[in-house]
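> Chain by chain, the residues run as shown.
Protein chains: 2
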Amino acid sequence: MAKVIVGTTMSLDGFINDRNGSVSQLYSDFETLHDTDVLQESIKNTGAVVMGKETFAMAEDPDSYAGNYEYQVPIFVLCHQAPAKHPKETETLKFTFVTDGIESVIRQAKAAAGDKDVTVVGGANIAQQILRAGLADELHIDIIPLLLTDGLQYFDNLGDETIQLEKIDVTNVGARTSLRFRIVQ
Amino acid sequence: MAKVIVGTTMSLDGFINDRNGSVSQLYSDFETLHDTDVLQESIKNTGAVVMGKETFAMAEDPDSYAGNYEYQVPIFVLCHQAPAKHPKETETLKFTFVTDGIESVIRQAKAAAGDKDVTVVGGANIAQQILRAGLADELHIDIIPLLLTDGLQYFDNLGDETIQLEKIDVTNVGARTSLRFRIVQ
Chain H
1 MAKVIVGTTM SLDGFINDRN GSVSQLYSDF ETLHDTDVLQ ESIKNTGAVV
51 MGKETFAMAE DPDSYAGNYE YQVPIFVLCH QAPAKHPKET ETLKFTFVTD
101 GIESVIRQAK AAAGDKDVTV VGGANIAQQI LRAGLADELH IDIIPLLLTD
151 GLQYFDNLGD ETIQLEKIDV TNVGARTSLR FRIVQ
Chain W
186 MAKVIVGTTM SLDGFINDRN GSVSQLYSDF ETLHDTDVLQ ESIKNTGAVV
236 MGKETFAMAE DPDSYAGNYE YQVPIFVLCH QAPAKHPKET ETLKFTFVTD
286 GIESVIRQAK AAAGDKDVTV VGGANIAQQI LRAGLADELH IDIIPLLLTD
336 GLQYFDNLGD ETIQLEKIDV TNVGARTSLR FRIVQ
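Residue numbers (the working numbering), protein chains in the order written: chain H, 1 to 185; chain W, 186 to 370.
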């Protein structure tokens with residue numbers, strides 16, 4: 001059964017971009033990140049990816065996902081409307097644009113992932129929707145040694161109840177600290 | 186030269202108490218905490234303590250600090266007015282009530298600490314003042330596997346500039362993860 005994994009890279013004070021909307025301070029290790037065990041393990045275990053429309057649109061050329069994106073698996077984009085031009089696909093990377101909500105996008109991604117994991121990438125909005133709906137199984141947070149002091153908070157609008165976590169693993173990946181938690185339902 | 190160490194125990198989403206002002210969810214390991222290496226090392230290295238008036242007032246009986254508080258060292262309380270009755274002291278635990286601001290309380294605590302550390306305990310307000318003023322040398326954050334979703338944010342009102350940190354150490358203490366950073370000035 002596919003696990004749904006939500007996660008991000010954030011500053012110690014919980015921001016996923018800075019006051020100017022830039023993520024560059026959080027990814028000064030970007031060049032070396034691809035070769036880390038943490039990312040390679042994620043790639044190996046991921047059977048489907050879920051992302052929001054904003055994350056999808058961050059690629060200058062949507063056709064560049066095919067062959068270049070780290071996860072060459074089915075990608076489910078939660079959006080209000082599919083793009084006019086369907087992006088390029090490969091044998092393993094197919095795009096599905098899902099317009100009927102968070103439960104639907106997770107259900108479709110789980111079906112595609114088989115016994116592998118569903119990895120949710122990107123922004124705060126989709127992660128918050130998934131956490132609020134109780135649809136996530138694990139939370140993977142990389143903490144960067146910075147206090148950005150302002151920007152977009154990852155953990156926000158999570159509802160009125162404490163969400164209990166269980167620590168699974170802590171790994172140091174250079175300056176970043178990768179924390180993995182199981183979400184206690 | 187005394188290092189100034191600022192720190193707290195917070196939820197993964199950065200809260201140091203919950204929506205009701207309670208810290209109990211963050212200290213479910215309270216009974217065992219005193220015997221951990223992290224706290225014992227802090228006690229051994231601490232030459233003076235700085236706290237705010239709110240933290241000082243959390244003790245039901247201010248006389249109970251003498252002999253019972255984990256840090257039996259000079260304590261400097263930043264406040265607007267000293268209490269009417271000076272609390273009980275011992276040979277090693279003396280109280281100084283400092284009314285002329287954050288720079289003064291840190292300077293006095295450093296002088297008292299000698300070559301040991303100044304440990305800043307307690308709330309968000311005093312930590313934020315010290316971080317904003319660039320008076321802290323290290324930041325020690327214990328992360329508890331919880332999303333409290335609301336409450337008092339520890340990292341807030343920190344000014345307009347990114348504060349660079351350098352990871353010193355990561356230790357697992359049961360469910361909590363103790364992160365230590367040097368503050369890059």
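It is worth saying that the hints were derived from the structure and are not from the lab.
Note that CB positions come from ideal geometry on N, CA and C, so glycine has one too.
Just to be clear, a hint being listed does not mean it is correct.
[To be verified] Pair by pair, the computed Cβ-Cβ distance ranges are:
#: 1; chain 1: H; residue 1: N157; chain 2: W; residue 2: N357; range: 44 to 50 angstroms
#: 2; chain 1: W; residue 1: A242; chain 2: H; residue 2: A133; range: 39 to 45 angstroms
#: 3; chain 1: H; residue 1: T171; chain 2: W; residue 2: D222; range: 16 to 22 angstroms
> Go through the numbered hints given earlier and state which of them the structure violates, listing their numbers in rising order.
Checked against the structure, the only hint that fails is number 1, while the rest are satisfied.
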